[in-house]
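Visitor: Turn these sequences into a full structure, and let the hints guide you.
If you read the protein sequences in the order shown, they are chains A and B.
Following this note's numbering, the numbering of the first sequence begins with 1 at its first residue and continues without gaps.
Following this note's numbering, the numbering of the second sequence begins with 1 at its first residue and continues without gaps.
Since the hints were made in silico from the structure, they are not lab data.
Just so it is clear, the structure is predicted and the values come from calculations on it, not from any experiment.
Mixed in with the good hints, there may be bad ones.
[Stated by the list, open to error] Residues from chain A that face chain B, not an exhaustive set, calculated with beta carbons under 8 angstroms: (1) Asp27; (2) Arg30; (3) Met32; (4) Asp59; (5) Leu60; (6) Ala88; (7) Ala90; (8) Pro91; (9) Phe92; (10) Leu119; (11) Pro121; (12) Tyr122; (13) Trp123; (14) Met148; (15) Phe150; (16) Gln152.
[Claimed, not checked] Listed below are the simulated SDA-like cross-link pairs for lysine to any residue, each with C-alpha atoms no more than 25 angstroms apart in a straight line: (17) A/Lys37 to B/Lys189; (18) B/Lys180 to A/Phe195; (19) B/Lys212 to A/Pro121; (20) B/Lys222 to A/Tyr146; (21) B/Lys222 to A/Ala117; (22) A/Lys209 to A/Pro170; (23) B/Lys180 to A/Glu194; (24) B/Lys189 to A/Leu83; (25) B/Lys180 to A/Asp59.
Yeah, the Cβ is synthetic: ideal placement off N, Cα and C, and Gly gets one too.
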Amino acid sequence: MKLKKILYALCIATSFTPGLFAAGGDDPLRTMLLMDKFELYGNEEHTRRWEGSFYIGYDLDKLYLYSDGEATSEGIQNAQNELVYSRAIAPFWDLQAGLVYDKTDTHSRSWGEVAVAGLAPYWFETRAALLFNSKGNVGLRLDAEYEMLFTQRLILTPSLEADLYTKDDPVMQLGSGLSSIEAGLRLRYEIRREFAPYIGVNWEKTFGKTRAYAPVDEVNAVVGVRFWF
Amino acid sequence: MQRRTFVKGVATAAAGAILSDIAVAAEPTAKHDGRSVLRGKEFHLTIDYTPVNFTGSQAVATTINGQIPGPTLVWQEGDTVTMHVTNKLKHSSSIHWHGIILPAPMDGVPGISYPSIAPGETFTYRFKVRQHGTYWYHSHSAFQEQTGMYGPIVILPKRKEPFRYDRDYVVMLSDWSDEKPEAIYRKLKRQSDYYNFNQRTVGDFMDEVKEKGLLEAWNARKMWNQMRMSDRDLSDVTAYTYTYLMNGHPPASQFKALFKKAEKIRMRFINGAAMTIFDLRIPGLKMTVVAADGNHVKPVTVDEIRIGVAETYDVIVEPAEERAYAIFAQSIERSGYALGSLTPSKTLLATAPAMDKPQPLTMIDMGMDMASMGKQESGGMKCGGSMKMNKKPKPYRWSMLENRHYPITPLPMKHGISWVMHAPNPKYRLDDPGVGLRNNGRRVLTYADLKNRYSTAGHPKPDREIILHLTGNMERYIWSINGIKYADAAPLEFRYGERLRITFINDTMMNHPMHLHGMWSDLETGDENRLVRKHTVIVQPGSKISYRVTVDAKGAWAYHCHLLYHMGGMFRKVVVV
Chain A
1 MKLKKILYAL CIATSFTPGL FAAGGDDPLR TMLLMDKFEL YGNEEHTRRW EGSFYIGYDL
61 DKLYLYSDGE ATSEGIQNAQ NELVYSRAIA PFWDLQAGLV YDKTDTHSRS WGEVAVAGLA
121 PYWFETRAAL LFNSKGNVGL RLDAEYEMLF TQRLILTPSL EADLYTKDDP VMQLGSGLSS
181 IEAGLRLRYE IRREFAPYIG VNWEKTFGKT RAYAPVDEVN AVVGVRFWF
Chain B
1 MQRRTFVKGV ATAAAGAILS DIAVAAEPTA KHDGRSVLRG KEFHLTIDYT PVNFTGSQAV
61 ATTINGQIPG PTLVWQEGDT VTMHVTNKLK HSSSIHWHGI ILPAPMDGVP GISYPSIAPG
121 ETFTYRFKVR QHGTYWYHSH SAFQEQTGMY GPIVILPKRK EPFRYDRDYV VMLSDWSDEK
181 PEAIYRKLKR QSDYYNFNQR TVGDFMDEVK EKGLLEAWNA RKMWNQMRMS DRDLSDVTAY
241 TYTYLMNGHP PASQFKALFK KAEKIRMRFI NGAAMTIFDL RIPGLKMTVV AADGNHVKPV
301 TVDEIRIGVA ETYDVIVEPA EERAYAIFAQ SIERSGYALG SLTPSKTLLA TAPAMDKPQP
361 LTMIDMGMDM ASMGKQESGG MKCGGSMKMN KKPKPYRWSM LENRHYPITP LPMKHGISWV
421 MHAPNPKYRL DDPGVGLRNN GRRVLTYADL KNRYSTAGHP KPDREIILHL TGNMERYIWS
481 INGIKYADAA PLEFRYGERL RITFINDTMM NHPMHLHGMW SDLETGDENR LVRKHTVIVQ
541 PGSKISYRVT VDAKGAWAYH CHLLYHMGGM FRKVVVV
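Guide: What follows is the structure, given as structure tokens:
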């Protein structure tokens, strides 16, 4: 499998040599770190928020690391980290499988995960992840994002996230059913493709039992920077 | 080795046109000037690193004899030529003689013709020149072509050519980037529209809503959105990183071709770019095309020529006025241009005309059936608003090409990740000037205009046919043929002595200039007795095109899209058995 190759390459570091065609044809090993959200909330805690991904791999096979979380001056409040092997299965879709590590300020939880990620018709960047853990809880985490170009560099991105679970998990403050929804609207200016400061608003709300554990219903102004390399 | 460095302007306008000089205008002050013209039977070429400055910042190029383009090689038809090529790079290198009919081991493709030229080594090419006209040479290793390894070839004919001219200029177009080509390729792999700064905006959509109402505007976008295809996807790499060169001059320093009033000037246009298809014209002058890819065609007079990567066109122009004319080559996506002056005086320079507005791709470029669409939704096919179609589509001119049937040899195909779009109804579009040039008010050369100057009535009829789909996945930036990229493909087998018909179907939204090594591509342009002889053929998006190949060259050959960053995948090895 290519996974072996990727892991091997990961170990021997990632130096690119010229002479691609001689070395391995059209599909050189590559990496990409994308910090899609890297921002500060306009709330009292000055919440810091990040959401990003890193991959190493080839056209069809990649190893992905996702991370999404919030921190305040008191440290990390919550974070979801994923390590998945990603395999292209259709022109616009990847099938992913791996591990998830959730963290709150006090506790942590590991999950197994299967996900589908890709570009849906009408250009929606989407990801749907099915999670399962040893407590018998099953989760569904959905993400969608869209890009509207006002100019070639001024881009508005509406985004939507929803988390659902089959069981209550008081330790992790997750309730069964629809647990939380987050919607955002971010307007970025691409100084370069790789570097875009932005402003936006982010709305977050918890539902059901989750709301009882952690009542959240807030709208925050955000300022941040999107970058990749 | 006979070496003529630095031919300023032009030498003798000799009595016989064939004696006319190959001239390369030069400006001593600019660093990248001083290109030489090498003549004779034996040539010494050295591949090395050379510092250059095309953009205002210093960069390192890989060059041939320290020049960009490399020296113009002037050969004589019938001679046996010898080229000693020394590689002083740290990496292996190669030189391929583009469009030259020669023995397979002399073709210069690493891994197919020979191993390559290792660092420090000298490889000697030797072959008999069996053709004449305008060609070029370039590296076939890694992305070295992008960093400066290309140069013109002019082969003087044995017999007098059937047209006259007083001066003779080589005009080689290319694209330069200060970015390393490996970095460009990695960017495309990570974000395939990285260099496209002409994407659809909310404003474009609002304009369409104003023009034809929300519902119709939405419907016009529907298919593109569902298929996740962009109608602005004209070129992968643009002036965002490229500086376009004409004989090694950026527009700021301009290549200069001198003329005297009432002279006939032959211009040998060569597209030596890595990724840029150019639309070429000399505003104020008609161009009479006399040769395509080195081979004589029936003269045809036009205002504008689309020159695909690796194609060559010879034209004759007759400047009537004592003024500077712009030699203007805008990139297909209209992000920039190469510029030179055809001028009576080196101090008199032309100014560039305004670039055309880029036209979006249309349903035609998707290979839709326009005839049936005309009935269903007349608004849908406007698709972007700028493409005006007659209500009644023109009758289809190319049924005679459709109706030719030869035994088809099936080839392996793989639908899926590397084959996203299927042109539902690909048509021959030989008389379509192509996206960006349609209905522009100028007489644009199309392949339908190209007729062999000499009869091809005696050519054998095809024994069989193969169909090659040009395929890809723009989102993932994967290119392939029949859905299979080179790394996963078995070689194509051609049979020695056969006459093969090859039909391309372009299932992508991009123009692909396809180049077969070692054998001619005799293009069907409508006249069975005037098949036009080419080495590189543009296959328009959503279209179909056919040519015939007499398989008269033993050995292994390369067959590929000549866009450098498509080539790795959209490539086949051909084995003649």
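Visitor: Next, verify each hint and record whether it holds.
Guide: Status of the hints after comparison with the structure:
1. Asp27: holds (7 angstroms)
2. Arg30: It holds, given that the least Cβ distance between arginine 30 of chain A and chain B is near 5 angstroms, below 8 angstroms.
3. Met32: Cβ of methionine 32 of chain A sits 5 angstroms from chain B, so the hint holds.
4. Asp59: holds (5 angstroms)
5. Leu60: holds (7 angstroms)
6. Ala88: Check passed: Cβ of alanine 88 of chain A comes within 5 angstroms of chain B, closer than 8 angstroms.
7. Ala90: holds (7 angstroms)
8. Pro91: Hint on proline 91 of chain A: holds, closest Cβ of chain B at ~4 angstroms, below 8 angstroms.
9. Phe92: holds (6 angstroms)
10. Leu119: The hint holds - leucine 119 of chain A has a Cβ within 8 angstroms of chain B, the shortest such distance being about 6 angstroms.
11. Pro121: holds (5 angstroms)
12. Tyr122: For tyrosine 122 of chain A, the interface hint holds, since the closest Cβ of chain B sits about 5 angstroms away, which is under 8 angstroms.
13. Trp123: holds (6 angstroms)
14. Met148: Hint holds; methionine 148 of chain A Cβ to chain B Cβ min 5 angstroms, cut 8 angstroms.
15. Phe150: holds (6 angstroms)
16. Gln152: Holds: closest Cβ of chain B sits about 4 angstroms from glutamine 152 of chain A, inside 8 angstroms.
17. A/Lys37 to B/Lys189: OK: lysine 37 of chain A and lysine 189 of chain B at ~22 angstroms, within 25 angstroms.
18. B/Lys180 to A/Phe195: holds (20 angstroms)
19. B/Lys212 to A/Pro121: Distance of about 23 angstroms is within 25 angstroms: holds.
20. B/Lys222 to A/Tyr146: Roughly 16 angstroms separates the two Cα atoms, so the pair holds.
21. B/Lys222 to A/Ala117: holds (22 angstroms)
22. A/Lys209 to A/Pro170: The given pair, whose Cα atoms are some 9 angstroms apart, holds under the 25 angstroms limit.
23. B/Lys180 to A/Glu194: holds (17 angstroms)
24. B/Lys189 to A/Leu83: holds (22 angstroms)
25. B/Lys180 to A/Asp59: Given pair lysine 180 of chain B, aspartate 59 of chain A holds - Cα atoms ~21 angstroms apart, limit 25 angstroms.
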